[in-house]
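A.B. asks: So the chains spell out like this:
Number of protein chains: 2
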Amino acid sequence: MAAPANSTTFSGDVWAELRLADARDVPHIHSLIHQMAEFELLTDLFAATEELLTSTLFPSPTPPPFTSFTALILDLSPSPVVPDSSSTIASRRFDLSASPLADPEAAAFASPRGGGRVTAGFVICFPNYSTFLSKPGLYVEDIFVRAPWRRRGLGRMMLSAVAGRAAEIGMGRVEWCVLDWNKNAIDFYEGMGADVLPQWRICRLTGAALDKYKGNQEEAADGKAAA
Amino acid sequence: MAAPANSTTFSGDVWAELRLADARDVPHIHSLIHQMAEFELLTDLFAATEELLTSTLFPSPTPPPFTSFTALILDLSPSPVVPDSSSTIASRRFDLSASPLADPEAAAFASPRGGGRVTAGFVICFPNYSTFLSKPGLYVEDIFVRAPWRRRGLGRMMLSAVAGRAAEIGMGRVEWCVLDWNKNAIDFYEGMGADVLPQWRICRLTGAALDKYKGNQEEAADGKAAA
Numbered sequence: 059m060a061a062p063a064n065s066t067t068f069s070g071d072v073w074a075e076l077r078l079a080d081a082r083d084v085p086h087i088h089s090l091i092h093q094m095a096e097f098e099l100l101t102d103l104f105a106a107t108e109e110l111l112t113s114t115l116f117p118s119p120t121p122p123p124f125t126s127f128t129a130l131i132l133d134l135s136p137s138p139v140v141p142d143s144s145s146t147i148a149s150r151r152f153d154l155s156a157s158p159l160a161d162p163e164a165a166a167f168a169s170p171r172g173g174g175r176v177t178a179g180f181v182i183c184f185p186n187y188s189t190f191l192s193k194p195g196l197y198v199e200d201i202f203v204r205a206p207w208r209r210r211g212l213g214r215m216m217l218s219a220v221a222g223r224a225a226e227i228g229m230g231r232v233e234w235c236v237l238d239w240n241k242n243a244i245d246f247y248e249g250m251g252a253d254v255l256p257q258w259r260i261c262r263l264t265g266a267a268l269d270k271y272k273g274n275q276e277e278a279a280d281g282k283a284a285a
Numbered sequence: 059m060a061a062p063a064n065s066t067t068f069s070g071d072v073w074a075e076l077r078l079a080d081a082r083d084v085p086h087i088h089s090l091i092h093q094m095a096e097f098e099l100l101t102d103l104f105a106a107t108e109e110l111l112t113s114t115l116f117p118s119p120t121p122p123p124f125t126s127f128t129a130l131i132l133d134l135s136p137s138p139v140v141p142d143s144s145s146t147i148a149s150r151r152f153d154l155s156a157s158p159l160a161d162p163e164a165a166a167f168a169s170p171r172g173g174g175r176v177t178a179g180f181v182i183c184f185p186n187y188s189t190f191l192s193k194p195g196l197y198v199e200d201i202f203v204r205a206p207w208r209r210r211g212l213g214r215m216m217l218s219a220v221a222g223r224a225a226e227i228g229m230g231r232v233e234w235c236v237l238d239w240n241k242n243a244i245d246f247y248e249g250m251g252a253d254v255l256p257q258w259r260i261c262r263l264t265g266a267a268l269d270k271y272k273g274n275q276e277e278a279a280d281g282k283a284a285a
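First to last, the sequence lines map onto chains A and B. Using my numbering, you'd call the opening residue of the first sequence number 59 and step up by one each time. Using my numbering, you'd call the opening residue of the second sequence number 59 and step up by one each time.
Hints were generated in silico from the structure; no laboratory data involved. One or more hints might be untrue.
Remember, identical chains collapse to one label, so a pair may be satisfied in a single copy or spanning two.
[To be verified] DSSO-like cross-link-like pairs, simulated, lysine-lysine; straight-line CA separation at most 30 Å:
1) K270 - K193
2) K272 - K241
3) K241 - K270
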């Protein structure tokens, strides 16, 4: 398959780095979230803005990683990554010589870190809590790789690195959600050792259904109402 | 139905208070979590200890409520509750005169707040994050009422109060999980305006399957492995 005219082709060795994101990554994070919404057939729920992402993911001061909302970026580099202890979560060489890769969005997703790096994916995670374990865990809200970079082991690298970090800081479990029709994802997650829990369903209160509870405290505090 | 010999019977007016928990509530929280595990037929997963609950729910300093792991206690009082702005989330009078209530565990669950109060339930919640909204939400990990106090409107009071607080502080949604066989709970939640999402499944990596990812970073960072 020939690469589209505007594609950048990656071949031979490339170096992947999973690193902490910062506010400079927000435009790419915003675009990646939109691509994810398209993939999940959920664009009707997409309401992200760059302003909200910046203020909610990168408040000042930003809490230490994995203690609150944490955004990670996957960059691919044409030259070896020098790990930065303050931001590198994992790095790894990938050999693409057997199967070069054309990325038609490479220019649009140029990494703010420069050096010919391309942003190919992201992770959003935050601590959750298990009362049964009485320990924090890590909830992976999103893990996403742009289409040209899929099926190269990058998703496995990202989830492995996040799980490793969670285990190392004493978290009791790592959890995330999958759509029940996404058999590829389910097979992949089970292959990584995860259980897909059949019995639990997510309940969600949002929009107008949530807003109607505003001011509930005033109503509740005046002593009226019965059993 | 006659009350058991050691029961405390509540009749006439009682006052419910949903309040922030503190470390003095840990023994009751621990017992309530165990009762919840029994109800969910999940005692094999119960590994909570009072020591772990104290260190994980009430670290020093404890973050502001609803910004991290947050424990709330439901106390029932034989006398009117004077709301405390630093800890009361909601309070309400309940009229039990039409249907007095026998609590065989009232002595064991005497509230550390004194005044004849009895602890009847708890909530554990923490912020989660929606990338589609690019806003925090509130995840309710547990909401539990001891058996004698159920079907009196207390669960509704607790969830309404928590949802109200989440909406007031600008959170975009409130979420929790339900077992698909718990039809009573599903009907109750839908009656409160929640959607039960049919398609999402929870994936979980825990125990030995999680521990094997420890040290993954070293393996990943040495440059070996291929696509």
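A.B. asks: Please go over all the hints and tell whether each is borne out by the structure.
C.D. replies: We went through each hint and held it up to the structure:
1. In this homomeric assembly, K270 and K193 come within 30 Å of each other (Cα to Cα) only across copies, at 19 Å, whereas the closest approach inside a single copy is 33 Å.
2. Taking the closest pair of Cα atoms, K272 and K241 come within 30 Å of each other only across two copies (27 Å); inside a single copy the shortest separation is 39 Å, beyond that limit.
3. Only between protomers do K241 and K270 lie at most 30 Å apart by alpha-carbon distance; the minimum there is 24 Å, versus 37 Å within a single protomer.
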